[in-house]
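Participant: Kindly produce the complete structure, drawing on both the sequences and the hints.
So the sequences go chain by chain: U and C. Numbered continuously in my numbering, the first sequence closes out at residue 393. Numbered continuously in my numbering, the second sequence closes out at residue 393.
Hints in this document: simulated from the structure, not taken from any laboratory. Where hints are given, some of them may not hold.
Because identical chains cannot be distinguished in the list, a pair is counted as satisfied if it fits within a single copy or across any two copies.
Said to hold, decoys possible - In the DSBU-like style, the derived pairs of lysine-lysine whose C-alpha atoms are separated by at most 35 Å in a straight line are:
#, residue 1, residue 2
1, K88, K344
2, K23, K120
3, K136, K261
4, K344, K23
5, K136, K187
6, K64, K344
7, K136, K344
8, K95, K314
Protein chains: 2
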Amino acid sequence: MPFGLVKQLGQARRGAFITPHGTIQTPAFMNVATCGAIKGGLSAFDLKEVGCQVQLCNTYHLHLRPGDETVKAMGGIRKFTGFEGPVLTDSGGFQVFSLASLRKITEEGVSFQSHIDGRKIFMGPKESMRIQSNLASTIAMAFDECVENPAEYAYAKESCARTTRWLRRCKTEMDRLNGLDTTLNRQQLLFGINQGCTFDDLRVEHMKEIAELDLDGYAVGGLAVGEPTEVMYHVEEMVIPHMPKDKPRYLMGVGTPMNILESVARGIDLFDCVMPSRNARHGHLFTHEGVMNLNNAKYQRDPDPIEPGCDCPACKRHSRAYIRHLLKSGELLGLRLCVTHNLYFYNTLLADIRAALEDGTFEALLHRARGVLDRRI
Amino acid sequence: MPFGLVKQLGQARRGAFITPHGTIQTPAFMNVATCGAIKGGLSAFDLKEVGCQVQLCNTYHLHLRPGDETVKAMGGIRKFTGFEGPVLTDSGGFQVFSLASLRKITEEGVSFQSHIDGRKIFMGPKESMRIQSNLASTIAMAFDECVENPAEYAYAKESCARTTRWLRRCKTEMDRLNGLDTTLNRQQLLFGINQGCTFDDLRVEHMKEIAELDLDGYAVGGLAVGEPTEVMYHVEEMVIPHMPKDKPRYLMGVGTPMNILESVARGIDLFDCVMPSRNARHGHLFTHEGVMNLNNAKYQRDPDPIEPGCDCPACKRHSRAYIRHLLKSGELLGLRLCVTHNLYFYNTLLADIRAALEDGTFEALLHRARGVLDRRI
Numbered sequence: 017m018p019f020g021l022v023k024q025l026g027q028a029r030r031g032a033f034i035t036p037h038g039t040i041q042t043p044a045f046m047n048v049a050t051c052g053a054i055k056g057g058l059s060a061f062d063l064k065e066v067g068c069q070v071q072l073c074n075t076y077h078l079h080l081r082p083g084d085e086t087v088k089a090m091g092g093i094r095k096f097t098g099f100e101g102p103v104l105t106d107s108g109g110f111q112v113f114s115l116a117s118l119r120k121i122t123e124e125g126v127s128f129q130s131h132i133d134g135r136k137i138f139m140g141p142k143e144s145m146r147i148q149s150n151l152a153s154t155i156a157m158a159f160d161e162c163v164e165n166p167a168e169y170a171y172a173k174e175s176c177a178r179t180t181r182w183l184r185r186c187k188t189e190m191d192r193l194n195g196l197d198t199t200l201n202r203q204q205l206l207f208g209i210n211q212g213c214t215f216d217d218l219r220v221e222h223m224k225e226i227a228e229l230d231l232d233g234y235a236v237g238g239l240a241v242g243e244p245t246e247v248m249y250h251v252e253e254m255v256i257p258h259m260p261k262d263k264p265r266y267l268m269g270v271g272t273p274m275n276i277l278e279s280v281a282r283g284i285d286l287f288d289c290v291m292p293s294r295n296a297r298h299g300h301l302f303t304h305e306g307v308m309n310l311n312n313a314k315y316q317r318d319p320d321p322i323e324p325g326c327d328c329p330a331c332k333r334h335s336r337a338y339i340r341h342l343l344k345s346g347e348l349l350g351l352r353l354c355v356t357h358n359l360y361f362y363n364t365l366l367a368d369i370r371a372a373l374e375d376g377t378f379e380a381l382l383h384r385a386r387g388v389l390d391r392r393i
Numbered sequence: 017m018p019f020g021l022v023k024q025l026g027q028a029r030r031g032a033f034i035t036p037h038g039t040i041q042t043p044a045f046m047n048v049a050t051c052g053a054i055k056g057g058l059s060a061f062d063l064k065e066v067g068c069q070v071q072l073c074n075t076y077h078l079h080l081r082p083g084d085e086t087v088k089a090m091g092g093i094r095k096f097t098g099f100e101g102p103v104l105t106d107s108g109g110f111q112v113f114s115l116a117s118l119r120k121i122t123e124e125g126v127s128f129q130s131h132i133d134g135r136k137i138f139m140g141p142k143e144s145m146r147i148q149s150n151l152a153s154t155i156a157m158a159f160d161e162c163v164e165n166p167a168e169y170a171y172a173k174e175s176c177a178r179t180t181r182w183l184r185r186c187k188t189e190m191d192r193l194n195g196l197d198t199t200l201n202r203q204q205l206l207f208g209i210n211q212g213c214t215f216d217d218l219r220v221e222h223m224k225e226i227a228e229l230d231l232d233g234y235a236v237g238g239l240a241v242g243e244p245t246e247v248m249y250h251v252e253e254m255v256i257p258h259m260p261k262d263k264p265r266y267l268m269g270v271g272t273p274m275n276i277l278e279s280v281a282r283g284i285d286l287f288d289c290v291m292p293s294r295n296a297r298h299g300h301l302f303t304h305e306g307v308m309n310l311n312n313a314k315y316q317r318d319p320d321p322i323e324p325g326c327d328c329p330a331c332k333r334h335s336r337a338y339i340r341h342l343l344k345s346g347e348l349l350g351l352r353l354c355v356t357h358n359l360y361f362y363n364t365l366l367a368d369i370r371a372a373l374e375d376g377t378f379e380a381l382l383h384r385a386r387g388v389l390d391r392r393i
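Facilitator: Written as structure tokens, this is what we have:
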């Protein structure tokens with residue numbers, strides 16, 4: 017079995033996901049390298065230092081630049097970026113619906129304008145699979161429509177049905193591509209994405225439908241796009257019981273450290289989020305005492321590392337005073353050090369979660385974290 | 017003797033400059049960390065990987081932000097930035113005359129407006145010494161007036177005389193500061209700066225005057241500020257015979273790889289320049305075949321490193337195609353990798369120069385480089 021459960025505590029799962037490019041210990045956080053590089057100047061080699069197991073790259077961005085044919089010519093996304101572990105590519109769907117303009121949806125896919133140069137592009141399930149096959153990622157995501165919350169029930173239902181039809185086309189196309197001699201990674205895995213906005217019946221119905229397709233993993237999509245956190249947890253609780261137990265479960269684009277802990281408790285195995293790098297840009301740093309703002313004047317002459325006791329390359333070498341100065345001066349090193357710390361924090365949090373699941377202390381970890389990890393300090 | 021000549025070939029010198037913070041093998045290139053960090057996100061720890069012996073920081077910038085008192089409170093510039101080797105601070109003079117606005121020069125110094133927030137600041141020889149003493153660099157530079165070329169003879173002469181008077185004040189103040197218990201680095205060294213624009217008699221006269229002050233080293237300033245390269249070499253040839261033989265000679269703000277080779281041939285020991293990082297920003301990369309422009313379309317699918325055979329961290333790990341993609345996408349990693357390569361190239365060029373001086377092949381190295389290193393490829 018490619019996905020094995022090491023231990024289960026309530027709904028929370030400690031697992032191992034065996035991929036052709038290495039085993040992912042779950043729960044795991046995927047580090048986002050949108051255009052093939054982590055924002056803030058980290059390289060694939062730095063990712064090892066921050067404990068990253070899986071790199072996530074964006075199909076939409078790489079299709080536009082440098083072009084998936086170029087990435088294929090360079091040996092695929094792993095060779096291109098130098099990251100040796102597993103890489104997941106999203107489907108491009110979320111970006112088509114959030115970044116591109118002048119969208120027109122048909123049964124075959126979406127035509128839209130590039131956010132870079134305005135040129136017209138068409139992407140549907142087949143195109144997304146071909147692009148991801150060229151990128152030769154370890155895991156490809158199915159092409160779906162991502163509807164903003166709150167949505168009209170009728171539209172959400174129609175969109176859901178279309179996403180299911182698209183998923184079938186994705187599977188057929190991926191099977192075909194994996195059978196071709198010219199394909200770089202003929203063992204590429206495919207995850208399906210559950211949609212249905214915040215409507216319980218649509219979510220559950222859709223999950224049941226796609227579970228039948230026996231894909232390599234399943235994601236919950238369309239969350240953390242405007243709805244209250246409690247609604248997100250509610251959707252997870254509705255959907256997860258209908259997700260296959262023997263497949264990895266991925267909550268897309270989520271979230272804060274507490275979102276991750278709460279979602280592990282509900283049965284999620286994989287996460288990704290731009291929060292560690294985006295927050296770093298504003299000097300917001302994750303610690304076990306809460307989120308600190310390094311721009312605060314009180315850190316101006318503070319010789320301590322960002323988080324005393326932290327073993328990340330930024331904390332082992334530099335003071336709050338120095339990193340704050342770099343941020344204030346607009347020096348790129350400041351951003352790089354903050355992203356380094358935040359990614360290390362996320363990856364270490366997931367390692368702590370795995371250890372707590374193994375030794376049966378996950379509930380205690382969760383209770384200690386509530387009201388602490390997300391507070392502003 | 018703090019400065020010893022290992023070997024001399026014609027005017028070219030292979031030396032060793034013993035400082036309280038380590039020995040600098042000369043000729044050497046000082047890596048510019050203006051605000052206490054190399055542009056492009058390199059840290060003091062990365063500087064080791066690119067072969068940097070000396071870090072140069074800017075007094076003007078650090079005085080404005082985070083403030084030299086803050087740097088002193090953090091243990092000085094070496095502890096603040098984490099660079100363990102020798103650090104040279106410039107005097108602030110060049111920045112006061114090139115970056116600040118509403119300057120007014122008096123016998124005591126210059127009043128000007130900060131380029132950051134417009135606040136009024138006064139800096140003269142005493143102020144510059146106090147700031148650099150707070151920064152606690154290994155080597156402080158004297159406060160001078162930097163006149164743009166071409167200049168009027170009468171003004172250049174007046175400015176030269178003032179710079180000499182300022183230098184005497186610098187020395188007196190530095191001696192006083194090094195004698196105080198409250199001074200962080202009581203062994204701080206002081207270099208004088210030769211000025212005189214492009215007027216032979218002023219240059220020589222000024223050099224003779226300041227040589228009498230028995231400083232720890234001497235710099236040639238006010239070059240590479242608009243005059244033709246041949247004029248710069250001519251000034252070097254005029255001035256260098258009057259520089260003390262037993263002191264390190266520093267050519268400020270210079271230059272291209274060929275400028276460095278030609279100036280070593282004329283007897284210069286130390287260099288600094290923002291060119292490696294500034295050119296990197298535009299994708300211009302130094303190689304032993306000339307300067308390549310990585311933005312060129314021909315590199316789009318080029319799997320080679322920037323310079324085949326180069327041992328820098330960028331060339332050992334990444335392809336031209338990937339780094340070009342990063343630059344095109346505005347990813348900070350692209351800039352970081354280009355700066356890494358360019359600084360490694362400069363530091364390695366200086367190491368090659370030292371080796372060639374030791375084994376007597378410097379002339380051959382110089383002849384091979386002419387017409388090659390500076391060409392665009």
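Participant: The structure should be examined with respect to each hint, and the outcome stated for every one.
Facilitator: Now the hints, each set against the structure:
1. In this homomeric assembly, K88 and K344 come within 35 Å of each other (Cα to Cα) only across copies, at 18 Å, whereas the closest approach inside a single copy is 40 Å.
2. Taking identical chains as interchangeable, the C-alpha atoms of K23 and K120 are never at most 35 Å apart, the minima being 46 Å within one chain and 74 Å between chains.
3. Taking identical chains as interchangeable, the C-alpha atoms of K136 and K261 are never at most 35 Å apart, the minima being 41 Å within one chain and 68 Å between chains.
4. Proximity of K344 to K23 under the C-alpha cut-off of 35 Å is found in neither arrangement, the shortest distances being 46 Å within a copy and 45 Å between copies.
5. Proximity of K136 and K187 under a CA criterion of 35 Å is satisfied intra-copy only: 26 Å inside one chain copy versus 68 Å between copies.
6. When the C-alpha separation of K64 and K344 is checked against a cutoff of 35 Å, the pair qualifies both within a copy, at 28 Å, and between copies, at 25 Å.
7. In this homomeric assembly, K136 and K344 come within 35 Å of each other (Cα to Cα) only across copies, at 20 Å, whereas the closest approach inside a single copy is 40 Å.
8. In this homomeric assembly, K95 and K314 come within 35 Å of each other (Cα to Cα) only across copies, at 20 Å, whereas the closest approach inside a single copy is 44 Å.
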